[in-house]
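Undergrad: Residue-level listing of the chains:
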Amino acid sequence: MKRSFLLVLAAVALLAALASSLILATPKPPTVDQRVQSIASQLKCPVCQGESVADSSAQLALQMRQRIRQDVQAGKSDQEIIQFFVDRYGASIAWSPPWQGFSLLAWLVPIVLLLAGCWLLYAVVREWRRSEPVVTERVGSFDAVGSGEREDDELARYRAQLEQELAEDDVIFKRAGTEVR
Amino acid sequence: MYFSDLGSIALILATGFALYTMLAAVLGAVRHSQPLVRSAQRSVLVVAGCMLLASCALLASFLTHDFGVNYVAQHSSLAMPWYFTSAAFYGGQEGSLLYWALMLSLFSALFVITSRRAPAALVPYVMATLMGIEAFFILMLTTVSNPFVRSAIAPSDGLGLNPLLMDPGMLVHPPMLLMGYMSFSVPFAFAIAAMLTGKLNSEWLRAIRRWTLAAWTIQSVGLILGAWWAYHVLGWGGYWGWDPVENAALLPWLTATAFLHSTMVQERRGMLKVWNLVLVILSFALSIFGTFEVRSGVISSVHSFAYSDIGNYFLVFLIVVILFASVLFCYRLPRLRPEQEFDSVVSREGVFLLNNLLLVGMAFATLWGTLFPLISAVFSHQTMTVGPPFYNQVMGPLLAILVLAMGIGPLLAWRRTSLNALWRNMSVPVILAALCAALLPLLGITDIAANVGFAICTFTAAAIVYELWRGMRVRHKHGESYPLALYMLFNRYRQRYGGYLVHIGLVFMVVGIIGSHYFQVQQDTTLKPGQEMNVAGYRLTYFGNIDRIEPDKEIITSQLQIWRGSQLQGYIYPGRTFYRNYGNQPASQISITTFGATDLYVFLAAWNGAGEATIQVFVNPLVPLVWYGGLIMVVGGIFCWWPARRRVRGEQRVAAVAGAKVVTGRAVELAHSGGKESMA
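Heads up: the protein sequence lines correspond to chains A and B, in order. If you read the first sequence in the numbering used here, its first letter stands for residue 1, the second for the next number, and so on. If you read the second sequence in the numbering used here, its first letter stands for residue 1001, the second for the next number, and so on.
Any given hint might turn out to be false.
For each label pair, taking beta carbons as the anchor points, the in silico distance ranges come out as [as the list claims (entries may be wrong)]:
(1) B/Gly1583 to A/Phe84: 49 to 59 Å
(2) B/Leu1631 to A/Cys118: 52 to 62 Å
(3) B/Asp1309 to A/Phe84: 11 to 21 Å
(4) B/Leu1333 to A/Phe102: 43 to 53 Å
(5) A/Gly90 to B/Ser1202: 53 to 63 Å
(6) A/Phe102 to B/Ala1152: 26 to 36 Å
(7) B/Ser1326 to A/Leu120: 11 to 21 Å
Covered by chain B, per the in silico footprint, the following chain A stretches (three or more residues, Cβ under 8 Å) [unchecked claim]:
(8) 44-54
(9) 91-103
Calculated from the structure, these hints are not laboratory results. For glycine and all other residues, C-beta sits at the position ideal for the given N, C-alpha and C.
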């Protein structure tokens, strides 16, 4: 069964090669439109309810987009433009909390808790496995088959697995050959 | 006597009966008195009748335009068509609370009617819990938020409904969402009953599973309709804005989804009992939190149609619910030992654990983002907003891993899977995903994140289809044709294949989300008649504005032609509607034209007289897939929920007999399975 493993490996290698080529290839510089759009979508429209400057059709948002366009054409960086609006309208215009000060918590708490969750899961699973005495040898035995009659064999194995799972809802489906417990 | 008086009387009666039910049910359970329990059951039905009467009374007040009732005067007018007048029932706070209470009483009645199927020991406590919740709502309705309050002088006409709500989506979205919130009460009541009696067995699990599945499906419909409504009415080119109220509706849905998965682990392997209880309680608490949030206005939102100090009562109720459930939970904790041990991480239960971590993580991130402005204001006196960029960055990766896990899960067996078997099962989907990732850049999709997302979706879709195909082949070997095999698989193993259907729907939806998130093109231009604008291959020619005046509203539309290349695709009329009583809140009429899988979304942003308009155009690729995916998900949910037919139950009885015979000898079962094969 090395073959399927190698196939998967080859596919993954292809994916990795592709991803790296995409990353390493010199990215096209974003057009002015794209930059205006991306900056505007980082800002909350001050006179609307829950709309970004990019999406809103309010007069103020229109003016803000024009202002962003001018600044982009003048060669200012994204950060400078956003900072300009933050200085003018207050911190609440930036639609995602900045990575500094108190609002760092907004980002860190979910990330830390998620990592803690992963760790907890790992600990729990390890605990469960330690107290577990016997490992049933079922699926392992299926792997000791030649690749000659692979088609039928795979089918039989899958049937066994499927029918065993289905048998728990419907005992009639249980076949003597697939009985394991 | 007015209809509203009838409603008030019905509400007062309902309060009495709800309180009586709690008392009688608990007493009956403690004293093992069957007559008391039965009387409680009937009293639940009476509460449902009273609530129905009260709701009919309110509806009748609306339809007869009884403007002496404050609520009717504030939410409807003579010029409104009858369907919006009926929908105004839940257009404000009082009515939506009444609707909530009505639905809860109807679901309670449904529970009582089907209670023979539920574990008998639990029934009284479930009723008592449900009626406890119901009593809270009716008390709110009779005191602080009464829809039947009359004013001394009736106005000659009402104010009418908020224009944002005057949309066909409004007819169905709020009632579905409110019903979704409400329907989490039944699983919660089961959880409380199980903790009170200590009967947390598989029977309990089966009963609660179907109710949760129903709640999940209703909430899904509500969420999807909400997204649809936002897309068609709000005019910012999107369907999900991470608004606090949308988030609140998403939260119980996420935890319920987690529950529906971890409950399978409990059913098969006897593990995760404690965790499942937590999820049920959490889902209900979050749905109450959602109601609280909408009503209190603590967090600013687009849904701020109505709020008042009623939020405080909900906060108290929420605290009571959480305290009560937590105390019970801690009391029962020692009893909840897992029955079986965990074998391997590389197993289906392993993936379910990951799934639960992701879903609960998503729920927490959403809750945190929703509450953070409040936390920030309290602790650092700094106002701030948490908007879509935050959620997209946090939820995007989680969603990607979730979809990936959805593809791997079905490939794994319970208990443990050998790595060899896993590689073998994965090879086809992985190769397809690699192909997809390789082909997409050739089609001009060079965004790395979008590419990875599409590849993951391909992997999962391929894994699910491959799984279906293998199931069909197995049955085909039993002598069934492929279409029949597919039908039989779906027909006989609803939970399993309904689940796959939901997964496929979600994959569709995620493809749509990726498409619209990464490839949306937006442009706005001010046009004069004859001028045109070009957006992403579409050309729009502007002709002028049309002003139409009707008795209760004025409609301004712009006339435009859509061209694609040299072909005229048709005329569109994006516009605004001004309702008489809401002159400063024009409702948008957005023109959405679908070309294949791409939406051309045209919005009239501003206009000047008859010959100038600012047109905002969004080209939204793949958004229709979001709706198709949502539809598939809901169908899958209903499919899982749909009761098995009697025939199957009969077979189960046969099966039970057969199971007894297994002990006596293998020959019997062999013969039996032979019979089965010829039957299948």
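Undergrad: For each hint, tell me whether it holds in the structure or not.
TA: Here is how each hint holds up against the structure:
At roughly 35 Å, the beta-carbon separation of B/Gly1583 and A/Phe84 lies outside the given 49 to 59 Å, and the hint is violated. The supplied range of 52 to 62 Å is broken by B/Leu1631 and A/Cys118, whose beta-carbon atoms lie about 34 Å from each other. For B/Asp1309 paired with A/Phe84, a C-beta distance near 40 Å fails the hint of 11 to 21 Å. Distance hint check for B/Leu1333 and A/Phe102: the Cβ-Cβ separation is about 36 Å, which falls outside the suggested range of 43 to 53 Å.
Checked against the hint of 53 to 63 Å, the pair A/Gly90 and B/Ser1202 passes, with Cβ atoms roughly 56 Å apart. At roughly 52 Å, the beta carbons of A/Phe102 and B/Ala1152 sit outside the given window of 26 to 36 Å. At about 20 Å, the beta-carbon gap between B/Ser1326 and A/Leu120 stays in the expected band of 11 to 21 Å. Here the stretch 44-54 of chain A counts 6 residues with a CB under 8 Å from a CB of chain B, which clears the bar of 3, and the coverage holds.
With 10 residues bearing a CB less than 8 Å from a CB of chain B, the stretch 91-103 of chain A meets the requirement of three and the coverage assertion stands.
In the structure shown, a violation is registered for the earlier hints numbered 1, 2, 3, 4, 6, in ascending order.
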